[in-house]
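Model the full assembly from the supplied sequences, consistent with the hints where possible.
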Amino acid sequence: MRLSEHRYKTITSIAGPLLFVQGVSSARIGEVVKILTPDERQLEGEILEIREDTILIEVFAETRGLDIERSSIVLTDTLRTASLSPDITGRVFNGSFVPIDGLPMFIPEKKMPISGFAINPTARARPEEFIETGISVIDGLNTLVKGQKLPVFSCSGLPSKEVVAAILKNSRIMNAGTDPSGNRTKREGGGFIIVFSALGLTFLDYSYYMHILKEMGSRFVAFINMADEPAMERLLAPRHALTVAEYLAFEKGMDVLVIITDMTNYCDALREVSTAREELPGRRGYPGFMYSDLASLYERAGRIRGLNGSVTMLPVVTMPEDDITHPIPDLTGYITEGQIVLCRELHQKGIFPPVDVLPSLSRLMQRGIGEGHTRSDHRKVSNHLYKYYARGRDLRKLEAIIGREGMSEKDRIMLDFTDAFEREFVHQGMTRKTVSETLDTGLNLLKRFSLVE
Amino acid sequence: MMGRITGISGPTVSVDMKGLKLYELVHVGNAMLTGEVVKLEEKRAIVQVYEDTRGLGPDEPVQGTGMPMTVKLGPGLLSGMFDGLQRPLYKLKDLSGPFIRPAQDVSVLDPSGQWVFHPLRKKGDEVSRNEIIGYVVENHFQHFIACPHSCGGRLAWIADGNIRIDEPVGRLEDGSEIPVYHEWSVRVPRPYVRKFSPYEPLVTGQRAIDFLFSIAKGGTAIMPGGFGTGKTILEQSIAKFADVDIVVYAGCGERGNEMAEMIEEFEHLKDPWTGSSLMERTLLVINTSNMPVAAREASIYTAVSMAEYYRDMGYHVLLLADSVSRWAEALREISSSLEEMPGEEGYPTYLSSRLSSFVERAGVVETYSGKIGSLSMVLSVSPPGGDFTEPVTQSCLRTTGTFLMLDTSLAHRRHFPAINWFQSYSLYRAGLSGYYRENVSPKWEDVQMSCRDILQKEEALREVVEIVGIEGIQDPDRLLLHAAEMIRTQFLNQNAYTDDAFSSLDKTLASIERILDFYKHAAERLKQGAAIDEILSGTSF
Chain B
1 MRLSEHRYKT
11 ITSIAGPLLF
21 VQGVSSARIG
31 EVVKILTPDE
41 RQLEGEILEI
51 REDTILIEVF
61 AETRGLDIER
71 SSIVLTDTLR
81 TASLSPDITG
91 RVFNGSFVPI
101 DGLPMFIPEK
111 KMPISGFAIN
121 PTARARPEEF
131 IETGISVIDG
141 LNTLVKGQKL
151 PVFSCSGLPS
161 KEVVAAILKN
171 SRIMNAGTDP
181 SGNRTKREGG
191 GFIIVFSALG
201 LTFLDYSYYM
211 HILKEMGSRF
221 VAFINMADEP
231 AMERLLAPRH
241 ALTVAEYLAF
251 EKGMDVLVII
261 TDMTNYCDAL
271 REVSTAREEL
281 PGRRGYPGFM
291 YSDLASLYER
301 AGRIRGLNGS
311 VTMLPVVTMP
321 EDDITHPIPD
331 LTGYITEGQI
341 VLCRELHQKG
351 IFPPVDVLPS
361 LSRLMQRGIG
371 EGHTRSDHRK
381 VSNHLYKYYA
391 RGRDLRKLEA
401 IIGREGMSEK
411 DRIMLDFTDA
421 FEREFVHQGM
431 TRKTVSETLD
441 TGLNLLKRFS
451 LVE
Chain S
1 MMGRITGISG
11 PTVSVDMKGL
21 KLYELVHVGN
31 AMLTGEVVKL
41 EEKRAIVQVY
51 EDTRGLGPDE
61 PVQGTGMPMT
71 VKLGPGLLSG
81 MFDGLQRPLY
91 KLKDLSGPFI
101 RPAQDVSVLD
111 PSGQWVFHPL
121 RKKGDEVSRN
131 EIIGYVVENH
141 FQHFIACPHS
151 CGGRLAWIAD
161 GNIRIDEPVG
171 RLEDGSEIPV
181 YHEWSVRVPR
191 PYVRKFSPYE
201 PLVTGQRAID
211 FLFSIAKGGT
221 AIMPGGFGTG
231 KTILEQSIAK
241 FADVDIVVYA
251 GCGERGNEMA
261 EMIEEFEHLK
271 DPWTGSSLME
281 RTLLVINTSN
291 MPVAAREASI
301 YTAVSMAEYY
311 RDMGYHVLLL
321 ADSVSRWAEA
331 LREISSSLEE
341 MPGEEGYPTY
351 LSSRLSSFVE
361 RAGVVETYSG
371 KIGSLSMVLS
381 VSPPGGDFTE
391 PVTQSCLRTT
401 GTFLMLDTSL
411 AHRRHFPAIN
421 WFQSYSLYRA
431 GLSGYYRENV
441 SPKWEDVQMS
451 CRDILQKEEA
461 LREVVEIVGI
471 EGIQDPDRLL
481 LHAAEMIRTQ
491 FLNQNAYTDD
501 AFSSLDKTLA
511 SIERILDFYK
521 HAAERLKQGA
531 AIDEILSGTS
541 F
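As they're listed, the protein sequences go chains B and S.
Reading the first sequence from the start, the letters are residues 1 to 453 in the working numbering.
Reading the second sequence from the start, the letters are residues 1 to 541 in the working numbering.
Among the clues, some could well be false.
[What the hints assert, rightly or not] Covered by chain B, according to a simulated footprint, are these stretches of chain S (three or more residues, beta-carbon under 8 Å):
1) 320 to 334
2) 379 to 389
[Said to hold, decoys possible] Pair ranges (Cβ atoms, derived):
3) Asn139(S) - Tyr208(B): 54 to 64 Å
4) Arg414(S) - Asn444(B): 16 to 26 Å
5) Glu344(S) - Ile68(B): 37 to 47 Å
6) Glu424(B) - Tyr497(S): 27 to 37 Å
7) Asp53(B) - Glu344(S): 35 to 45 Å
8) Gln348(B) - Arg414(S): 19 to 29 Å
9) Asn139(S) - Asp53(B): 53 to 63 Å
10) Arg51(B) - Tyr90(S): 32 to 42 Å
11) Asp228(B) - Glu344(S): 31 to 41 Å
12) Val468(S) - Lys447(B): 29 to 39 Å
13) Lys39(S) - Ile68(B): 26 to 36 Å
[Claimed, not checked] So the derived list for chain B, only partly shown, Cβ under 7 Å to chain S, looks like this:
14) Ser26
15) Ala27
16) Ile50
17) Glu52
18) Ile114
19) Ala118
20) Cys155
21) Ser296
22) Gly333
23) Gly406
24) Glu409
I should point out that these hints are in silico values taken from the structure, not numbers from a laboratory.
All C-beta atoms in this analysis are idealised placements derived from N, C-alpha and C, irrespective of residue type, glycine included.
In structure tokens:
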């Protein structure tokens with residue numbers, strides 16, 4: 001603890017979001033720094049690196065207007081924390097945790113460092129409670145469970161926000177339990193509380209999402225960084241959001257659904273800092289530590305043994321050039337427990353949600369379906385639908401070469417099934433379907449084409 | 001020895017301190033974070049810190065320990081779960097709750113732990129270095145305790161019955177003591193008398209591996225695959241069913257939820273070979289992707305040292321690491337914060353030499369105690385973008401014996417395990433053929449050839465079908481396609497969630513022979529004039 005305020009006017013260089021300051025004693029890594037500009041604005045930053053008495057500061061704001069001669073910095077002797085209180089629900093903040101809904105800041109019950117602590121793997125509870133999203137391709141084939149992190153991989157121009165909105169509005173948690181006679185049943189649990197973190201959101205998307213959130217009453221917390229706001233705030237907003245989510249989940253026992261959109265903007269901000277530091281770039285200029293950095297966000301989803309709440313995460317990633325092997329979706333897919341992949345071709349056919357079933361996957365599905373979770377025939381129906389649809393998609397390629405006439409009767413049936421599957425099972429518009437309706441739709445399709453008895 | 005911090009960048013800290021040794025363990029800062037010296041210069045040392053450096057500042061003290069980074073080896077490790085620095089995760093949880101806080105010191109082996117010692121030597125016996133003098137029973141294993149490498153002589157005293165872990169079990173006439181546990185520097189391979197070529201297969205219960213691309217006891221295998229190709233599930237299946245005595249599983253930079261799933265499952269499952277709880281033979285080293293990156297780098301060494309310790313008692317040990325790529329990335333992160341000149345794709349130029357010296361710690365050996373033990377490794381690799389030309393996959397390929405290529409397109413078709421049967425290979429085939437001939441069936445190799453032959457021909461035919469359609473090819477070829485499909489769907493495909501998850505060698509052979517017999521008979525009938533549709537309609541997919 002320092003007794004006096006440490007103020008320095010010894011800035012030696014400014015490069016993009018980075019400041020170098022000389023002659024600093026007793027700084028700490030991660031310490032929050034206030035930067036006073038010549039026009040008396042106050043910016044916030046964090047110490048990234050210390051070399052003898054020179055420190056490197058990353059500024060979480062627009063650095064335009066800063067100068068070397070008159071700007072000064074103040075060390076605050078604190079690490080970055082998030083203010084927490086149950087009163088946080090229903091509020092809207094910017095990426096730096098300043099209220100932007102016109103209301104005053106709430107009185108914090110406690111403060112926690114925003115970088116969080118890793119959950120001890122032995123303290124984790126296995127995610128296995130089914131979440132009914134109301135969307136057939138998710139509930140039926142890529143089931144989401146409480147505590148999972150399941151990203152939506154989208155392409156520019158595809159309706160990812162409508163898909164997210166449908167999940168926001170329609171999700172219900174199904175808790176496994178037992179009825180009085182001892183049979184395993186499921187009953188509908190409470191709803192989610194939504195923690196929404198927007199990174200580089202356009203105004204168009206902003207008004208869409210705010211409309212949806214407002215409909216939810218006060219069951220949400222939002223951190224909004226707009227497309228024209230400082231890129232560096234995009235590194236803070238998701239950490240604020242996740243610290244709030246962990247607090248609500250593991251201290252207040254709530255089921256929290258965290259939406260982060262768009263992770264591509266987050267990674268671009270990360271790249272910006274990295275190149276400003278003149279670090280050696282990795283693939284496509286993204287920094288070599290991006291995997292660990294993304295993991296420090298995604299891995300905060302989960303459940304803890306003996307505690308009630310849960311953090312479920314639904315990040316949105318826009319794949320640059322529709323390329324799933326691009327470093328952002330690639331590294332995301334290596335960390336998350338599956339992915340929901342949107343596809344341009346289905347979108348052009350007018351199918352909503354345009355989810356491509358083949359590359360989509362939910363790794364935690366096996367535990368969350370079947371007797372006591374959804375329905376006993378869930379696994380069978382989903383395996384059959386997947387298998388025949390995959391075969392049908394293969395046959396479509398063949399059809400393009402040899403034409404429908406050259407194909408066997410059996411193959412033609414499979415092609416018809418594939419079309420019907422997309423039109424009737426994947427496509428559902430904005431209507432909500434229960435998992436039972438979803439499985440019935442699938443089962444009827446399989447029966448109609450005589451693929452099951 | 002004390003010094004002070006002069007600079008901090010990510011996980012690396014520079015210290016103005018002389019007299020440190022390379023790879024010496026140090027305590028960094030007021031919080032006493034654990035670190036390791038990775039670079040020495042004239043006036044300063046660079047330390048890689050194994051914990052979060054947030055909050056660390058210059059001028060804080062740094063203390064040398066004079067010791068390299070070590071693991072404690074003794075009874076009580078089995079069924080344990082450790083982080084990359086061998087801190088027991090259950091004890092950490094009791095100490096600080098569900099979240100891991102930095103700088104917590106917990107002992108690996110319970111110091112008050114009581115064991116019953118069964119002496120195998122008696123007072124007055126001459127014992128040599130590394131010779132086994134007795135054992136304690138750990139789970140259902142005989143945990144042997146040997147004379148240290150540093151001494152030998154006549155036993156002046158040896159314990160019998162109850163012992164404590166922190167007291168010696170024997171004393172030599174020259175006064176040197178034989179401890180129950182010892183510390184071992186993780187980066188140094190444990191010594192052995194000699195190494196043999198692998199001669200016995202490691203049965204995994206996975207038909208595609210056991211039949212086509214065998215792994216040997218004492219051998220090494222890699223399985224690279226893009227995300228969603230089932231690396232983790234395959235690793236875990238092998239961990240469950242492999243016919244080894246002890247399994248060390250290193251979850252290196254992977255998902256926390258998957259580890260939670262594995263822990264819960266392993267606590268309830270039975271070991272198929274002995275019938276006791278699976279956890280009794282298992283040791284987990286877990287450093288998930290959000291735990292500190294430098295500890296991730298150390299975790300595979302921690303794991304391999306513990307694996308070698310049990311090998312030295314004459315056990316067959318299997319080390320599974322998921323995934324080596326995360327280890328390599330940790331190495332890259334550390335290298336870049338040391339400002340080293342990068343090699344390919346930013347990885348340090350010593351990537352492949354580090355990797356090969358790690359992989360070479362596998363093998364079948366004669367131990368100093370005169371027993372035969374083996375250490376096998378199955379390593380998963382996560383190539384970015386599923387591109388196998390990247391440096392980690394390529395370095396692994398040069399040093400390992402079995403290559404199991406996991407194929408994204410197979411995974412999309414839900415063909416699991418998604419092992420590509422054209423690209424994968426096993427260098428142990430020749431060395432193991434004798435074993436299969438004598439212990440399973442003399443026909444093993446012939447059957448294998450026929451199976452490969454059908455799959456090979458299918459590939460060629462498939463190209464033709466794509467052009468002319470299935471109706472455009474001859475009947476014998478249609479039959480072959482059908483047989484190949486049977487091999488793929490009924491033999492190579494194996495569901496990890498059903499009873500089919502494990503298949504013994506005899507069952508594997510019977511299952512492929514059934515398909516080949518069908519093919520042979522069907523081909524006969526075709527020659528005699530039966531219609532192809534009639535033959536095929538009699539079989540189900």
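The hints, checked one at a time:
Here the region 320 to 334 of chain S counts 5 residues with a CB under 8 Å from a CB of chain B, which clears the bar of 3, and the coverage holds. Check result for the region 379 to 389 of chain S against chain B: holds, 5 residues qualifying (beta carbon to beta carbon below 8 Å, three or more required). At roughly 58 Å, the beta-carbon separation of Asn139(S) and Tyr208(B) lies within the given 54 to 64 Å, and the hint holds. With their beta carbons about 22 Å apart, Arg414(S) and Asn444(B) fall inside the hinted range of 16 to 26 Å.
Remark: the range hint 37 to 47 Å for Glu344(S) to Ile68(B) is upheld by a beta-carbon distance near 39 Å. Checking the proposed 27 to 37 Å range against Glu424(B) and Tyr497(S) shows it holds: the Cβ atoms sit about 28 Å from each other. For Asp53(B) and Glu344(S), the hinted distance range of 35 to 45 Å is satisfied, since their beta carbons lie about 37 Å from each other. Taken as a hint, the range 19 to 29 Å holds for the pair Gln348(B) and Arg414(S), whose Cβ atoms sit roughly 26 Å apart.
Take Asn139(S) and Asp53(B): their Cβ atoms lie about 56 Å apart, and the range 53 to 63 Å holds. In this structure the supplied range 32 to 42 Å holds for Arg51(B) paired with Tyr90(S), their Cβ-Cβ distance being about 40 Å. Taken as a hint, the range 31 to 41 Å holds for the pair Asp228(B) and Glu344(S), whose Cβ atoms sit roughly 39 Å apart. Against the hinted window of 29 to 39 Å, the Cβ-Cβ separation of Val468(S) and Lys447(B) comes to about 33 Å, which satisfies the hint.
Evaluation of the 26 to 36 Å hint for Lys39(S) and Ile68(B) yields a pass: the beta carbon distance comes to about 33 Å. For the restraint placing Ser26(B) at the interface with chain S, the shortest Cβ-Cβ distance is roughly 6 Å, inside the 7 Å limit, so the hint holds. Restraint check, Ala27(B) versus chain S: the minimum CB separation of about 6 Å is within 7 Å; hint holds. The closest approach between the C-beta of Ile50(B) and any C-beta of chain S is roughly 5 Å, which is under the 7 Å cut-off, so the hint is satisfied.
Hint on Glu52(B) holds. Least Cβ distance to chain S is approximately 6 Å, under the 7 Å limit. Given hint, Ile114(B) at the interface with chain S, is violated; its Cβ is 11 Å from that chain's nearest Cβ, farther than 7 Å. The interface hint given for Ala118(B) holds, since its Cβ lies 5 Å from the closest Cβ of chain S, which is under the 7 Å cut-off. Restraint check, Cys155(B) versus chain S: the minimum CB separation of about 17 Å is more than 7 Å; hint violated.
Interface restraint check for Ser296(B): the shortest CB-CB distance to chain S comes to about 5 Å, inside 7 Å, so the restraint holds. With a cut of 7 Å, the hint placing Gly333(B) at the interface with chain S holds, because the nearest CB-to-CB distance is about 4 Å. This hint holds: Gly406(B) has a C-beta 4 Å from the nearest C-beta of chain S, less than the 7 Å allowed. Interface hint at Glu409(B): violated, since its Cβ lies 10 Å from the closest Cβ of chain S, which is beyond the 7 Å cut-off.
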